[in-house]
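Protein sequences, first through last, are from chains G and D. Take 18 as the starting number for the first sequence in my numbering and just add one per residue. Take -14 as the starting number for the second sequence in my numbering and just add one per residue.
Keep in mind that the hints were calculated from the coordinates and are not lab data. Keep in mind that this is a model prediction, so the values were computed, not measured. Glycine is no exception: its CB is placed at the ideal position from the N, C-alpha and C atoms. One or more hints might be untrue.
[As the list claims (entries may be wrong)] Just a few of them, taken from the derived set where beta-carbon distance is under 10 Å, the chain D residues facing chain G:
#: 1; residue: R62
#: 2; residue: I73
#: 3; residue: N86
#: 4; residue: D223
#: 5; residue: A229
#: 6; residue: E233
#: 7; residue: Y273
#: 8; residue: L379
#: 9; residue: S382
[To be verified] Derived lysine to aspartate or glutamate pairs resembling EDC-like cross-links, with alpha carbons at most 20 Å apart:
#: 10; chain 1: G; residue 1: K61; chain 2: D; residue 2: E258
#: 11; chain 1: D; residue 1: K306; chain 2: D; residue 2: D264
#: 12; chain 1: G; residue 1: K232; chain 2: D; residue 2: D264
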Amino acid sequence: MDHLDRLEARSIHIIREAYNSFKNLCMLWSIGKDSTVLLCLARKAFYGHVPFPLVHIDTHYKIPQMIEYRDRLAIEWNLDMIYGENRKALEEKRTFPDGNCTRLECCRNLKTEALAHTLAGDWPRYRMDHNLKKYVIDKNTEPYTGVIVGVRADEEGSRSKERYFSPRDTHNDWDISDQPPEFWGQYKTDFAPGTHLRIHPLLDWTELDIWEYIKRENVPVVSLYFDQGEKKRYRSLGCYPCTKPVDSEAKNLDDIIEELRTGKFANIAERSGRDQDKEDGGGLEELRKNGYM
Amino acid sequence: MTKKNDEHMNIVIVGHVDHGKSTIIGRLLADTNSLPEGKLEQIKQLCRNNAKPFEYAFLLDALKDERSQGITIDTARSFFKTEKRKYIIIDAPGHIEFLKNMITGASRADAALLVIDAAEGVKENSRRHGYMLSMLGIKQVCVLVNKMDNVKYKKEVYDRIVNEYNEFLNKIGIQSQGFIPVSGMEGDNIAKRSINMPWYEEDTVLTMLDKFTASKPLDSLPFRMPVQDVYKFTNDADDRRIIAGTVESGTINNGDEVVFYPSGKKTHVNKIEPMSEYDTATKASAGYATGFTMTEQIYVKRGELCFKSDQTPPLMGKHMKVSLFWLGKKPMVKDKRYFLKTGTMKAECYLENILSVIDASTLIKTEKDQIDKHDVADCIISTSKLCAFDNSALLSSTGRFVIVDEYEISGGGIFTETVDNLHRYEKAKVMLREGKWEHGYVTLPERNERFSQNAALIILTGTKDTNKKLFAKALERSLFDEGKNVYYLGIGSVIYGLNADINPPGEKENRSGENIRRLAEAANILLDTGLILIVTASDLTKYDVETIKLVTKNDNTLVFWLGDECTTDIECDMVLPNDEDAIEIIRKKVEQVAVR
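Based on the sequences and whatever the hints tell you, model everything.
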């Protein structure tokens, strides 16, 4: 059993535990490489099926290729695809690109708030109708009690303290100082009414593991991750106003893996292209407490 | 294409609060150039902004809460590599309040570094953490005597701690991999040999890490797989019924005969199902998440423990002797309902008896009637339903459990031995019954003589869809016509009448446990009247037949399985095809035992 086998087996075990434990379960799919690996792990866990909806929060500032790719896979793999948004903030232009708030506030409006309400079901959810091949308002407004998320411990400080099964209270709060114990493959799957759980099957993976797995399993990823001849590529995907490509000539998976193993990115944090991380000392932790992924 | 340092190992660093665990890791990362570019400078800048002196520990204590309190609340993970392999260093908190976090971190580790402050010496949590490592089954432990700079790098101080702590480790049965005098603050013996302690010439922390050996694969042990779920996804015309789970130990191949405990169901692995189009595996070994289809479509569910019929079976019971540690805010007490989770099984449980409570930091045993937070106790746990598990000394991964109090995992433990407990409840009931039974003046031998037959119990079982009832009725008719005193009783006739109180309407029929015991009690009365009694019930197991024989105390019992393949672990007199010839075969067998 090699390293990737071990990571894969644990992640699949966790995804299967989540599926068994929650009636209203969903998986967040950011379209990025991590949550796409997560999606492929789910397809393996359930033998080609994904027996729960995939939820995407559309800020409407996503790079267009991301949305095309999302809908193409949703149809190809027959996914129960749902997206949510903060329509009001967009209409009122309470965004960073509109110049009306800071990057962090923009994240809070378009991601955190949209996510909280989409999960709770009190804002509209748009669901892929596979007959019409387009999104329609989802009639199901039940809140999700289990949310599978593709965060990794190595991304930044606060994420290294997450649990595989991490409880959030009614206000979405994450109580870092009082987390449940987790050992011997036993997770917190019992929860009080009104609370919900975040499930993190990729916690032990590193960025390099993700890329090596993408190569091994032929996981389709959006082409933005590769240099298309402009000597630039995205290392981490987000909204275009806040995510910059990095200088790189990595044109394929082998190039990327080499770059991370020994090359120029071996010692540079992945989220270095994300501007919102730099705004304040504990900002991301604050966002995480409030539900940001 | 395995690359040179593709091996991975998880190391946990434990010890008393403020003994400098985070500093040691911070130093280790900095001195081996393992930090992301700019991280060191970023934290140094943060310290300057907040007018605080820089500490290596800040690198890890990345959360605001921790920076302000200066202690590690939770386990932080750091990634780091040597020529030999990659490491994940798990920094576990030393404060007693966060023992559950220490356990969370340590349970993920292959080996441990235990830190003791040279000036403060061995403290409460130095010992407690050592004890917890032994309970978690972590065998490789290296002790770091830290802050040697604070004691002027004196060998005597180091030697004293080595002696004192070694004595403790011996008592709890841990053999350390060695002791290293270090200074996280100054970098002595962390990544490079200290020039301040010429009297120490052995390993640095870095070289010690590479000496730890990777956990051995559990492939050669008996096969165990807790059933995590049974999948039948109907979309895309998929009609596979897949038993899914993660293999805890051993290996399973296509075609293997497997048994599920506690249900006692038996079948063969038809096929290890491919999980993707690239998957060609025909076997699954320890550590892998897998799933297989079965040759006989038996009904099993989550929580059962799957094993191979030709290997040592797991233990079963409702009363287990265990060692457990308690983490709950509220103490563990008797007469309160908890849940025990082992593998994928979850059962209601009670604390039946406390044998002794041990203070993990002093090893002093006390007698108490409750188990308080951070206590370690030997006790007896009883469960409301039959559990399948292993003795942790033989198979550690299926020999451990957690206790859930309300919604929280509040304790963990290992099964140390079984109390002789199978059929304990049934035995107790029979003993009481026998004591209270009013015997009439007419004895069974007299009845047997009168009816010219021997009272006998004929059990017909098999899967749900066989003709058990039809055959039982035909058999009853034919024996009756021969002049025998015979009666047919199906379990369904008992479930809705005699057992109505334990079978709420609308609930799925339960053909095990108390329903079997009551069926057997009814049979016991009828047999005492001298009847030949024919009983039917689906999917009876070895355990069920043992219950029936125990309760009826009848030596004249015949067990028949109808159907081509026996799909439980039952030991029966004959397996008969599910066709009309069976009636004649059974009739002849019955005559052998029941005719005088």
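Taking the hints in turn, this is what the structure says about them:
no.: 1; hint: R62; verdict: 5 Å, holds
no.: 2; hint: I73; verdict: 7 Å, holds
no.: 3; hint: N86; verdict: 7 Å, holds
no.: 4; hint: D223; verdict: 7 Å, holds
no.: 5; hint: A229; verdict: 6 Å, holds
no.: 6; hint: E233; verdict: 9 Å, holds
no.: 7; hint: Y273; verdict: 5 Å, holds
no.: 8; hint: L379; verdict: 16 Å, violated
no.: 9; hint: S382; verdict: 8 Å, holds
no.: 10; hint: G:K61 <-> D:E258; verdict: 10 Å, holds
no.: 11; hint: D:K306 <-> D:D264; verdict: 42 Å, violated
no.: 12; hint: G:K232 <-> D:D264; verdict: 15 Å, holds
The structure fails hints 8, 11 (numbered hints given earlier, in ascending order).
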